[in-house]
Amino acid sequence: MHDQVRRKIGIAVLTLVALIGVACGSKAGDSTAPSGGNNEAPGVSGDTIKVGILHSLSGTMAISEVSVKDAELLAIEEINAKGGVLGKKLVPVVEDGASDWPTFAEKAQKLISVDSVATVFGGWTSASRKAMLPVFEKNKALLWYPVQYEGLESSPYIFYTGATTNQQIIPGLEYLKAQGKKRIFLVGSDYVFPRTANKEIKAYAAANGLEIVGEEYTPLGNTEYQTVVNKVTGAKPDAVFNTLNGDSNVAFFKQLKSAGVTPASIPVLSVSVAEEEVRGIGAENIAGHLVAWNYYQTTPGAANDAFVKAYKAKYGQDRVTDDPIEAGYLQVYLWAEAVKKAGSTNVEAVKQAAGGITYDAPEGPVTIDGETQHLYKTARIGVIQPDGLIKQISAPSQPVKPDPYLKTYEWAKGL
Amino acid sequence: MKVVLDQLFAGLGVGAVLLLIALGLTFTFGQMGVINMAHGEFIMAGAYTAYVLQDVVASQSLLVALPVAFVIAGTAGLVLERVLIRRFYGRPLDTLLLTWGVSLILQQLARDVFGAPNVQVNAPSWLGGGLTIAGVRMAYSRLFIMVLVLVAVAGIWVYLNRLAQGRRMRAVMQNRQLAACSGIGTERVDRRTFFIGSGLAGVAGVALTLLGPIGPTLGTNYIVDAFLVVVVGGLGQLRGAVIAAIGLGVLNSFVEYGTGASLAKVAVFVAIVAFLQARPQGLFVFRTRALT
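Which chain is which? The protein sequence lines are A and B, in order.
In terms of the working numbering, the first sequence is numbered consecutively and its last residue is 817.
In terms of the working numbering, the second sequence is numbered consecutively and its last residue is 697.
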């Protein structure tokens, strides 16, 4: 009897919570028009402009996203030191997405309607971007997204400042092909980015005479890789193409090494392992393996020297910079340039003005492609050094035009 | 044949890790009925102990870290028990929420102290390689963990069966009221149990630095698996935990070889659910005449 009463109370509480949730949800849904009053020039009040920063500062993705937030704050500080934008100082409003995709959508809505920010810089995982996308489209607000992703997307209210497939994954495959690596083993985390990326990789392989000898997915956060490693060594590939994300990379590379696999026997090319992740994996466990990105801390140039120096001065000499950190930094500058050109923070005016803007970023010159709202970026294949930094080994090349839908590739027709 | 041996070794390796992270829980959860969600964070504390110690004592820091982590994590557990959990005995659901909150606080504390990104502990060079027997590659790091588990299990067995303290612990585990009536200071036994259980989590944390990531969310990667082992093995059952851990490890690695990692996880869960239908109390059950 006692138990039954307790169960009934429990059910009542749950129902109540669910009702409150529904009520709040529909409330958020009702406010379709961008509230906050200042549609013409959002974020502006007096001599300040509010901008939103929305990354996971807690939970499993904090590992990667905290550093991107740091870089964005650094850029805002530098812009303010040089007099701000349109004579107004930028005021960042920082929110925590907590590695939880509904939270990203909720916090995005809060930044837009409560804080009425001029724009939001944020996101990391594709899942968080896909959660935020409808919020930004519905409110006609702007999101700047700084991480390489799987392509096949082009929202009118998102600027993609990381690489799309043809600026990272395809150059990586071309490099492997040029090195004579014909048999490729695919290892990835089990979610949207690796599965989509591998679909594209398989289409590329079929058209270019590469053979996919295995394809393995593990849940995010998985830490047991003995079986996967056994499958890799059993298949005897020429190279592994790695789309694992987050903590799993640490476990994978540690266990790969202890199984006796060396970069000389089976090189692994990763697209989600940058300098920051190398520190967590341990350079001794991953030195000699390959990565594909658009930027490394060692990328030469005055702009990068200044960026690395400023980042280390603000956050500590032991910190490193990497591709998503740099993209977080440069996207604040790109937005500021677009606002200056538009003469206003008005979203449509900024979108209009953004196309064709070129900025001398740490990775070299980047240009906004107005049509896709992606960037022209230079592809760089690198090899991880024993000191944890990454050295570019591919030949220097020109910035690649973004092609998120892979329209210019014959083999990608069926995707 | 080679595949079978390979996967058998892999399964034993997984089982050893499972057993290591679950050993401490068999005590705190098994004896005291405390659902300690912060157990994973004691594992994390052990891992960070190894990280800090490698700067202090450069060579052989891993071996030094094992006892130090035991004491540090054990003390953390003791403090948690004294300050908070003690006030919640007999209220398992409240304890669950309480310790979950503590685990979130500890994670954020680690993030503030050590930074959000993962850190790296350099393995001693003698754990770097591996040996090959009958075509099966056995990494020294895996063998080290297996030996460590064997030592830990043997130590616990001796403690429980040969020492007066351990016998008191078993008495409380089997029948708390009767033990109290017989003059055993159950509070003191509880404290000791929590110290040992949490300390074992710290030892597990040091060992896990050889295999996986070391970051603020390390504990969350392992906590569910640890509870699974304890539930399948039976509360407070050393034998049960050993058999459950090895069984789950071997099952997991064979299913994963045949399918994939995600499906293997599903299969293991399904197997556990089915098993618990047949034996809700786990593999082994204390038969007592206690009223609870």
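Hints are supplied without guarantee of correctness; some may be wrong.
Said to hold, decoys possible - Once the Cα atoms are required to be at most 30 Å apart in a straight line, the calculated DSSO-like pairs of lysine-lysine come out as:
#, chain 1, residue 1, chain 2, residue 2
1, A, Lys584, A, Lys743
2, A, Lys490, A, Lys452
3, A, Lys491, A, Lys540
4, B, Lys407, A, Lys809
5, A, Lys490, B, Lys407
6, B, Lys407, A, Lys512
7, A, Lys638, B, Lys670
8, A, Lys601, B, Lys670
9, B, Lys407, A, Lys532
10, B, Lys407, A, Lys638
Worth flagging that the hints you see were computed from the coordinates, not collected in a lab.
Bear in mind that the values here come from a model prediction, so they are computed numbers and not experimental data.
Quick rundown of the hints versus the structure:
For a cut-off of 30 Å, the pair hint linking Lys584/A to Lys743/A is broken: about 48 Å separates their Cα positions. Using a Cα cut-off of 30 Å, the hinted pair Lys490/A and Lys452/A holds, with the two alpha carbons roughly 10 Å apart. The hinted pair formed by Lys491/A and Lys540/A meets the criterion: a straight-line CA distance of about 28 Å does not exceed 30 Å. Among the hinted pairs, Lys407/B with Lys809/A is inconsistent with the structure: their alpha-carbon atoms are about 46 Å apart, more than 30 Å.
Restraint check for Lys490/A and Lys407/B: not satisfied, since their Cα atoms lie roughly 69 Å apart, outside the 30 Å limit. Of the supplied pair hints, the one linking Lys407/B and Lys512/A is violated, its CA atoms being roughly 57 Å apart against a limit of 30 Å. At roughly 26 Å between alpha-carbon atoms, Lys638/A and Lys670/B fall within 30 Å of each other, so this suggested pair holds. Under the criterion of a C-alpha separation no larger than 30 Å, the hint pairing Lys601/A with Lys670/B is consistent with the structure, at around 23 Å.
With a C-alpha separation of about 44 Å, the suggested pair Lys407/B and Lys532/A falls outside the 30 Å cut-off, and the hint is violated. Pair hint Lys407/B plus Lys638/A holds up; C-alpha atoms about 15 Å apart against a cutoff of 30 Å.
Comparing the model with each numbered hint stated earlier shows that hints 1, 4, 5, 6, 9 do not hold.
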